[in-house]
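Engineer: What follows is each chain in one-letter form.
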Amino acid sequence: MNAKKRFLRVVPLMAFMLLLAGCGEQGLTALDPMGPQSQWIFDNMLLSLYVMALVTVVVFVIFFIVVMKFRQKDGDNDYPEQTHGNTKLEVAWTVIPIFLLAILAVPTITGQFYLSVDAEDIAEEEEETEGAGDVDEEVDEEDLQDDAYVIEVTGHQFWWEFDYPEGFTTGNDVYIPAEEEVVFQLEAEDVMHSFWVPALGGKVDNIPGVTNHVWLEADDPGVYMGKCAELCGPSHALMDFKLIALEEDDYASWNEEMQQEEEEPEETLAQEGREQFEDQGCIACHAVDGEGSAQGPTLTNFGDRTTIAGFLENNEENLRDWIRDPGALKQGVNMPASPGMEDDELDAIIAYLDSLERLDDETKEDIDL
Amino acid sequence: MVSEATNTRKKSVLWDWLTTVDHKKIAILYLIAGTLFFVKAGLMAVLFRIQLIAPEMEFISGQTFNELVTMHGTIMLFLAATPLIFAFANFAIPLQIGARDVAFPFVNALGFWLFLSGGILLSISWFFGGAPDAGWTSYVPLASREFGGLGIDFYVLGLQISGFGTLISGINFIVTIINMRAPGMTMMRLPLFCWTMLVTSMLIVFAFTPLAAGLALLMLDRIFDAQFFIPGEGGNVVLWQHIFWIFGHPEVYILVMPAFGIISEVVPAFSKKRLFGYTSMVFAVLIIGFLSFMVWLHHMFTVGVGPIANSVFAIATMTIAVPTGIKIFNWLFTMWGGKIKFTTAMHFGASFVPTFVLGGVTGVMLAMAPVDHLYHDTYFVVAHFHYIIVGGIVLGLLAGLFYWYPKMFGHKLNETLGIIFFWIFYIGFHLTFFVQHILGLIGMPRRVYTYLEGQGMDTMNFISSVGAFLMSVAIIILVINIIYSALKAERITEKDPWDARTLEWATSTPVAEYNFAQTPQVRSLDPVFYEKIHGNGEMKPAEPLDEIHMPNGSILPFIMGVGMFIAGFGFISFHMDLFISPYVIIAIGGITFFGAMAARSLQNDHGYHIDKETVESMEKELS
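These protein sequence lines are chains A and B, in that order. Just so you know, we're using full-length UniProt numbering here: the first sequence kicks off at 1 and counts up by one. Just so you know, we're using full-length UniProt numbering here: the second sequence kicks off at 1 and counts up by one.
One or more of the hints may lead you astray.
Said to hold, decoys possible - Simulated crosslink set (DSS-like; lysine-lysine; CA at most 27 angstroms straight-line):
1) 412(B) with 73(A)
2) 495(B) with 532(B)
3) 339(B) with 69(A)
4) 73(A) with 495(B)
The set of hints was computed from the structure by calculation and includes no laboratory data. Here the structure is a predicted model, which is why all the values come from computation and not from measurement.
Isolated chain A, as found in the complex (with noise of 0.2 angstroms):
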């Protein structure tokens, strides 16, 4: 009877299991969970999962059984014993919940301290530096680094934008050094967005006007595929983004090359093409190094990037789709359309940006980039 029980219970567990097995590419699935954050949420999942499962098989066994045994039979019309409840039954089923929620409540309280608390008290640690940093600059900014990497990210219709501490930007792709914990603050420039990396860690909403903070960490350099979760206008859908993490090293060679002034691009196509960039106007609104305009996503690192605008694969053919008419392929972008271009100046431009590169080749083979 116990065994038989026993086995009732696993088993819908089991099948839930099996179907989660299959799901999900890795590198977006919360159920592959892939740093500290989303492993303790997952665990927390499961034990909710396993609580709840409990309930749901408590109340299905005693529902088969009502409904098999208790139908009315032909020709039976009396009626049955009427009873008006069951005071210790009744006591029964409201105390054991409360026992139950009990053992979620703990997990629930602790689990939002881990989660948030740690994003609030280094932002104000980082605010207490920069006050302090007036006496002595480069203690402080020692201690900055020691205390918490923070990068902040702002939500524009339809991309993302990444500040780093070191002064440099990127768009749609996030670069953060594995296993460590990484400060995002979170601000929007239009609308709320909300910044999600499912298999780190949870959301929190970029919100206009207020700033909110969540940390991440990798347990290993890799890439992962991040989303909007807030609904934030027509393409919504496509606002998608990767956070690359890299090995410590990695990371730092990468910082540095971020932070060096571009060098000149070595093919002459793409010299011509870097000379289109600034005749087309593209610099209006896309920086390179800091150069130019920043209403659009910056392109210093583009020829690094997997996608176009955060869901296009990063190829020739698709980059000349989207140079042409941006609003065909994402709906509701603020890139203007170029019918009036020349193939070879599209060639030129697209050729430089494709010369853009701040990755190692080495790296990016490291991280299956």
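Let chain A serve as the given structure and place chain B on it in line with the hints.
Structural biologist: Just chain B now, with coordinates in the frame of chain A:
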């Protein structure tokens, strides 16, 4: 009899329905309007499920998709579920408490016409440059003038007007239930459906008022350039979310509580047993009603209000599971030891219990605030609330439809077609929504019009869409059933075709316009059942047979609805290029509305009396 009958026959059918203040006819108006909106919003769901059937489909654009999901959610909650609940509430409450009508019949009619004019105002947005597109929650700044389309003006005004209708109907139900119970019907003998509607009506009064305030602020922002919700101008974005969810969370209970009530009528009736633990059920309803106001922040765990607020609201939210659990087990033990008759109504009534549990347990999972950072705004949430809304509210409403149908229309719905409908709908429902739990966990945010190939979402979205098609096939079968039954089904005249328990089954079928010729004397909970066992099977009258005072019909509620519609359209037209000034339109609408109101105030309408002889002959004819 003769004079009355010729009197009604002289009026055209249309005029009769436009002017009626009879709660039974208003119930049918609500039922028809609610069903039409339900089918409309369902079709929208089918359209966007076609878009999501495969990755990167190009069936509809992102903009259209947002308009469709916004309208689907808004219509389903405000213009389908609410009126359908009001349909049954209007029909059943006066009958269940032994009253001749609701407390304010005129207001009741006004409530319906305001609801309908608001609903139509919202619906015509498609013809004026697009429907609202900021989600049914209309979060600012997406819903502000700067970022949102003209459609959101229709959302604001349409919901405002239909909300007024809901609000006055709620007040009407409270007064009716508190004041108009038959002699002997103490509060603790009140049928559970009336209890749930009483609590629901109180929630309406306390929840629709903040909604009205919020919508008014949003209207000021959008039409008169105020800055309540504009960041950078001193406004606050999160303010809207607080106001919206202070309304929005109770709203869920406004819809699901009457479903609880219907199940608490249907399950005992077809189990032939008294509701198990009646008293604890009543207290569970009251506690749920109270707690529903304490938990709005659980919709905002990711907004960043801090760990303390999140924790408090998380625990408060979990607490709701306790009274809900009490109800679940009480229903199960009502059936336990009973003699269950599986009619179509009971199929829906019984299947409600486990289905609602599935929605409830994910509710507790969602209440764990830190884990909610994973679920929030994903398909997991979509799955959860559809298990509550379809698995709870819709199953409850369908149970109520099959249960009360013979009393409302004088014939049963076809049982064979009904059971086929049940199974197709039920299977379709689980196919559609169960997989969405997993879709959410593997990273599918809600309100996305497309998803990329190769993210592991293809199969489950396909299954989900197929389920949605099955559900629409089921609804077609329901419509066929309604038409078929209207043509073929045997007319019934028996008072109590289900061998049921509560007072509505003591009236004649069809119900006379005055409901009860003599107000019944209630001697117990489940009065009709009590008289079957302890009496002669007839209710004892509490008063001698005498002439009956009835209210006159009136066209004024309809005119007031039209006036509100015109005025509402006037407010929207500030941002349209019309040949006529918005102020003129608002003035026309305002004069129509307030003119009708003045006419009502100045009119000396004492109603009319049906004399004793007429009542006697009508009763003879009906029995």
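Engineer: Each of the hints needs a verdict: does it hold here or not?
Structural biologist: Hints, one by one, checked against the model:
Proximity of residue 412(B) to residue 73(A) is assessed by CA-CA distance (about 22 angstroms); at most 27 angstroms being required, the pair is judged to hold. As the CA atoms of residue 495(B) and residue 532(B) are separated by approximately 13 angstroms, the hinted pair is consistent with the 27 angstroms bound. Using a Cα cut-off of 27 angstroms, the hinted pair residue 339(B) and residue 69(A) holds, with the two alpha carbons roughly 9 angstroms apart. Restraint check for residue 73(A) and residue 495(B): satisfied, since their Cα atoms lie roughly 24 angstroms apart, inside the 27 angstroms limit.
The structure meets every hint from the earlier list without exception.
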